[in-house]
Amino acid sequence: MSPTHETANGGRRLVIVESPAKAKTIKGYLGPGYVVEASVGHIRDLPGGAAEVPAKYKGEPWARLGVNVDHDFEPLYVVNSDKKDQVKKLKELLADSDELYLATDEDREGEAIAWHLQEVLKPKVPVKRMVFHEITKDAIQNAVRNPRALNQRLVDAQETRRILDRLYGYEVSPVLWKKVMPRLSAGRVQSVATRLVVERERERMAFRSAEYWDLTGTFAAGQAGDASRGAGRGAAGDPGTFGARLTTVDGRRVAQGRDFGSDGQLKDPAAVLHLDEEGARALAAALEDTDFSVRSVESKPYRRSPYAPFRTTTLQQEASRKLGFGAKSTMQVAQKLYENGFITYMRTDSITLSDTAVSAARAQVTQLYGADYLPDKPRTYAGKVKNAQEAHEAIRPSGDRFRTPAETGLTGDQFKLYELIWKRTVASQMKDAVGQSVTVKVGGRSADGRDAEFSATGKIITFHGFLKAYVEGADDPNAELDDRERRLPQVAEGDPLRAEEMSVDGHATKPPARYTEATLVKELEEREIGRPSTYASIISTILDRRYVFKKGTALVPSFLSFAVVGLLEKHFGRLVDYDFTARMEDDLDRIAAGNAEAIPWLRRFYFGDGGDGQSATATGEAAAAGNGDGDHLGGLKELVSDLGAIDAKGVSSFPVGEGITLRVGRYGPYVEGPSQQEGEPGQRADVPDDLPPDELTVEYAKELLAKPSGDFELGTDPETGRPVVARDGRYGPYVTEVLPEGTPKTGKNAVKPRTASLFRSMSLDTVTLEQALRLLSLPRVVGVDPESGNEITAQNGRYGPYMKKGTDSRSLETEEQIFTITLEQALEIYSKPKQRGRAAAKPPLKELGNDPTTERPVVVKDGRFGPYVTDGETNATLRRDDDVETITAERGFELLAEKRAKGPAKKSSAKKTAAKKSSAKKATGKTAAKKTATKTAAAKKTATKKTATKKAAASKSAASKGPAKKASSGE
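Take any residue in the sequence shown, note its place counting from 1, add 1467, and you have its number in the numbering used here.
If you are wondering where the hints come from, they were derived from the structure by calculation, not from laboratory data. Don't take each hint at face value.
As the list claims (entries may be wrong) - DSS-like cross-link-like pairs, simulated, lysine-lysine; straight-line CA separation at most 25 Å:
(1) LYS2366 x LYS1989
(2) LYS1844 x LYS1883
(3) LYS2018 x LYS1898
(4) LYS1789 x LYS1844
(5) LYS1977 x LYS1767
(6) LYS1767 x LYS1883
(7) LYS2104 x LYS2116
(8) LYS1555 x LYS2018
(9) LYS1908 x LYS1890
(10) LYS2299 x LYS2328
(11) LYS1550 x LYS1491
(12) LYS1555 x LYS1604
(13) LYS1789 x LYS2104
(14) LYS2272 x LYS2299
(15) LYS1604 x LYS1550
(16) LYS1789 x LYS2169
(17) LYS1494 x LYS1555
(18) LYS1555 x LYS1491
(19) LYS1789 x LYS1595
(20) LYS2017 x LYS1883
(21) LYS1646 x LYS1591
(22) LYS1789 x LYS1646
(23) LYS1555 x LYS1595
(24) LYS1645 x LYS1491
(25) LYS1890 x LYS1989
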């Protein structure tokens, strides 16, 4: 129990927030009369599995759902097993308190956490809802002075979403388990997000590249030899030459990439001129001695206004473009910045700034850039997000005076993200950037009489305005950024030009770009699917489920996702329809606004039209079941009731061509060749898990099928009479002996076959029986150490060949030494002190230059698991398609950015679990304190025993949840 903190009037106030970090920060802003404690997120939720369902409900038909669908969709809430100790602590603190402040975040989720706390703690003292958008002293103290009541409408909105997502996940996921693969999950938004990624890959697979050519001329003002005109031309900084691209020939526009369809054919052949290489080169030759002139000069004013301050999705997109952060990583870093008082709340749809924030930003504009960059009036921004749920500000630096990045003391990713937010906020209150945009058209007639026209565009910024502080990135790396200038010479209509060079350029159309995290977030938001605050967790889920994997920054769908999406599209089409999902979002927002009732809507979604015994009159209710056209529309329950029509093999099979089929099996994707005999499967070969689907061509599939697979029978061991085979295993090729049928593989009398990994110099198709028997004979006894009497053995390990004497191991230089090293040589090695630490560093394989993010030198090195790139702090293994000789600096930087975005690898909890079990076992064995122990010691031991028992019970409960928890996938 914490010590009592009393206010001036003798009372004590308990403040509950979500996270310990937030609690620590807030505690410093409140007086001694406050106790600040964390709930550590949600303390209560729907049961995560059968083990969490209370005994009295286990027999109920709805118990597996955790929602009583027959009784107005009443949810069954249970306190999370890992939160029971924290709930107990909160109750003890509340018992000594005179007021309770629920200070969770002011959004649907935060409001729901506050409501659950009130329901579980059952306070007998006054309860106040304390809300704030930033964690500063003024904001916290103002929130204490101005509490409000719980917003039940927000609570109901969150509960409706939670129930909907539970019904969707727990009803649809088992269909995937039965028809595709165990332990898969479906979700209202995650399935639609996966479908978007799959559909983009389908477009890439159907795409056929087309080739087109054009010309680029380099022109100089003035006729050849006209020195007087050339010398006096232009102003300071005026370029002497400029490039222009061929746009028309005899009035016909020259074809560009946008003129071709995905089939590789021109959309309108009559409208454009398609130049091939031969035609382009012939035209270039004919234009060599042509007299050119300026046909027109068009000048327009250029003006660009500042970007709005960040909201959740724009922050995720820009952090991806500029910092290489994934959406999840961005939100994790932003959460830390918020909890430590550096920025305002980071889950917001708003782009408005408070008067305090506008004043702070304008003050910094004047201070840092001067009054010339400050507009006369503050800028305001109107939100574009439909049904924005939060009343927050935009994401901005906290406080009434913004700390510059240098003043924060932040480092690493937190510094980078804060700087991004700070720059964007300050720039939003600066003047427009202005300048001139110029288009120059150049024409001439070729030697063979064809009229050719070229075009060049330029941009000059005369006042940079907000661009001095911030320039937004672009998803397309070739896109023109707002601050990028391109100057053209000062020329006038009719001015003669000479062509200094005429280059011929070949191009090939490219398939649609895969989604990145940033562009997928943008697509979901534009389609109004899901909530912006959940996008990071949605993308994290589809990555964790292996529906999608990353290739650089691109999101690539796995073959597994093709099977899942194919099944959902064919048999649950409404549930993954983009418009339907967006309409559901509208309906949920109508419920949150009090314009629709949750229970009739849920009843119609789950049971179908008429499921509530009433006609569906509300548009929102009709949309929940489908198109509302008056026909019978079945609900979710009906959709999942008849699985007989789903062909499990069919939904997991995809034709590759020439009789070859890609199948998604329980252990991964594989290709199957045409059957050689009716009724018999064809030859099979595994497909790499990280192969992008659009790269599985017929030719590659044939290569896979041609590779040796299965067991390679090498012969029989003359000593044991057992067959010896070579296999390609999960961890590489190995040899093993085949035990006779009936040999017990488990139990007391179990027999394990001898196995040994192949040396690096060996391969499956060349290893011999003699080599296999030598490998199976390992470890080899080299001899006995005369001093210690310990045996010295030579063997092959995970990290290479080594010797072992008792617990002392020494590395060998080559694998062959395992069989050749003598006792004398071994003793000589052991006579020398064991080398501690790492061996001498190997020289880098390649240098790539300085990383643009960390500014550290990046090199390629050879590691234990193959070549990798490193900047000295972050390491990223090269992918299958990366080659040391050809890898570019950009690719190396991309791999490192991706690795940094993933964050540090999670440490295994095995040791902790073992420690808990050991502690529990020890505590359980001591049933009573010794008589001689003091009362304090006895009490301490009893407390230890109770804690250990609870931990053991929690561990057991978590272990028994099983795959059911996998179905609970949020959105």
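Each hint tested on the structure:
no. : hint              : result
1   : LYS2366 x LYS1989 : 22 Å, holds
2   : LYS1844 x LYS1883 : 30 Å, violated
3   : LYS2018 x LYS1898 : 40 Å, violated
4   : LYS1789 x LYS1844 : 30 Å, violated
5   : LYS1977 x LYS1767 : 32 Å, violated
6   : LYS1767 x LYS1883 : 37 Å, violated
7   : LYS2104 x LYS2116 : 24 Å, holds
8   : LYS1555 x LYS2018 : 46 Å, violated
9   : LYS1908 x LYS1890 : 38 Å, violated
10  : LYS2299 x LYS2328 : 29 Å, violated
11  : LYS1550 x LYS1491 : 19 Å, holds
12  : LYS1555 x LYS1604 : 29 Å, violated
13  : LYS1789 x LYS2104 : 45 Å, violated
14  : LYS2272 x LYS2299 : 14 Å, holds
15  : LYS1604 x LYS1550 : 29 Å, violated
16  : LYS1789 x LYS2169 : 41 Å, violated
17  : LYS1494 x LYS1555 : 21 Å, holds
18  : LYS1555 x LYS1491 : 20 Å, holds
19  : LYS1789 x LYS1595 : 42 Å, violated
20  : LYS2017 x LYS1883 : 23 Å, holds
21  : LYS1646 x LYS1591 : 52 Å, violated
22  : LYS1789 x LYS1646 : 42 Å, violated
23  : LYS1555 x LYS1595 : 21 Å, holds
24  : LYS1645 x LYS1491 : 47 Å, violated
25  : LYS1890 x LYS1989 : 22 Å, holds
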